[in-house]
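Chains A and B are the protein sequences, given in the same order.
Residue numbers for the first sequence follow my numbering, beginning at 1450 and rising by one.
Residue numbers for the second sequence follow my numbering, beginning at -14 and rising by one.
Keep in mind that the hints were calculated from the coordinates and are not lab data.
The structure displayed is predicted, hence computed values, not measured ones.
Check each hint, because a few of them may be wrong.
The following residues of chain B were derived to be distant from chain A, with all beta-carbon distances above 10 Å [said to hold, decoys possible]:
1. Arg29
2. Asn50
3. Glu64
Below, a list of computed lysine-lysine pairs in the DSS-like style, where the Cα atoms sit at most 27 Å apart [said to hold, decoys possible]:
4. B:Lys42 to B:Lys(-6)
5. A:Lys1464 to A:Lys1514
6. A:Lys1545 to B:Lys55
7. A:Lys1514 to A:Lys1471
8. A:Lys1545 to B:Lys42
9. B:Lys(-6) to A:Lys1545
Looking from chain B toward chain A, a few residues come up when the C-beta cut is under 8 Å (computed) [as the list claims (entries may be wrong)]:
10. Gly27
11. Leu30
12. Pro46
13. Gly48
14. Gly94
Glycine included, every Cβ here is placed at the ideal spot set by N, Cα and C.
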Amino acid sequence: AQRVTQPEKLLSVFKGAPVELKCNYSYSGSPELFWYVQYSRQRLQLLLRHISRESIKGFTADLNKGETSFHLKKPFAQEEDSAMYYCALKDTGGFKTIFGAGTRLFVKA
Amino acid sequence: NAGVTQTPKFRVLKTGQSMTLLCAQDMNHEYMYWYRQDPGMGLRLIHYSVGEGTTAKGEVPDGYNVSRLKKQNFLLGLESAAPSQTSVYFCASTVSGTGVPGELFFGEGSRLTVL
Chain A
1450 AQRVTQPEKL LSVFKGAPVE LKCNYSYSGS PELFWYVQYS RQRLQLLLRH
1500 ISRESIKGFT ADLNKGETSF HLKKPFAQEE DSAMYYCALK DTGGFKTIFG
1550 AGTRLFVKA
Chain B
-14 NAGVTQTPKF RVLKTGQSMT LLCAQDMNHE YMYWYRQDPG MGLRLIHYSV
36 GEGTTAKGEV PDGYNVSRLK KQNFLLGLES AAPSQTSVYF CASTVSGTGV
86 PGELFFGEGS RLTVL
């Protein structure tokens, strides 16, 4: 069955420190993986997707098929990165996107 | 360009009452979704639609019904609300087909409280 696991509900780091939000997935085919972010009082929005291999707002995420992971990383956290982050998996053969439970990132000054 | 619009944004119901949440998108997307967001559980898919006149069950469909009579609208209904349905509901849409980016576009959410 498809599953997305985000083991940390809350992650608190100091400004300027590196941050890594963990995401593991379970899927037998070729997944499309995404990170979505929800800032305070804003709607959920796409942060990045693995097929684009892009860096957005300093964040990167690499798909590791061997470890079935798609961790989100940023070398130097900023206070404005404080938000709720969701890892998501889209079934490329179907129509659904499944989300993890989310990780709340809090960046302290 | 409004994107995805949900109404109402807030609603308080008594147990047993019924209501409908409306989602409208102006991006000509084929696929539409209803999720609920609960603390510690993330977003869970309730129902979805892959085109006008079609609907399908997601992870947590019990107690909800949906309809997609027009391509731009996706309605979520609660026939007999229960306190367990207290949640924030999100509508989302995306383009169809394989080989295209699967980015979801979300509405602002509808906060429902069932007393």
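Hint by hint, here is what the structure shows:
Non-interface call for Arg29 of chain B relative to chain A: violated, since the shortest CB-CB distance, roughly 8 Å, does not exceed 10 Å. Under the 10 Å C-beta cut-off, the non-interface status given to Asn50 of chain B relative to chain A holds; the minimum distance is some 18 Å. Every Cβ of chain A is farther than 10 Å from the Cβ of Glu64 of chain B; the closest lies at roughly 24 Å, confirming the non-interface assignment. Restraint check for Lys42 of chain B and Lys(-6) of chain B: satisfied, since their Cα atoms lie roughly 23 Å apart, inside the 27 Å limit.
For the hint pairing Lys1464 of chain A with Lys1514 of chain A, the CA-to-CA distance comes to about 31 Å; that exceeds 27 Å, so the pair is violated. Distance hint between Lys1545 of chain A and Lys55 of chain B is fulfilled; the C-alpha atoms sit about 20 Å from each other, no more than 27 Å. Simply put, Lys1514 of chain A and Lys1471 of chain A have alpha-carbon atoms about 14 Å apart, close enough for the 27 Å limit, and the pair holds. Straight-line distance between C-alpha atoms of Lys1545 of chain A and Lys42 of chain B comes to about 10 Å, which keeps the hinted pair within the 27 Å bound.
Pair hint Lys(-6) of chain B plus Lys1545 of chain A holds up; C-alpha atoms about 24 Å apart against a cutoff of 27 Å. Checking Gly27 of chain B against chain A: minimum C-beta separation of about 4 Å stays under 8 Å; hint holds. Hint status for Leu30 of chain B: holds, given a least beta-carbon distance of 6 Å to chain A, under 8 Å. Hint status for Pro46 of chain B: violated, given a least beta-carbon distance of 12 Å to chain A, over 8 Å.
With 8 Å as the threshold, the beta carbon of Gly48 of chain B stays out of range of chain A, its nearest partner Cβ sitting at about 19 Å, so the hint is violated. At about 7 Å, the closest approach between the beta carbon of Gly94 of chain B and any beta carbon in chain A falls short of 8 Å, and the interface hint on this residue holds.
Hint compliance for this structure: hints 1, 5, 12 and 13 are broken, all remaining hints hold.
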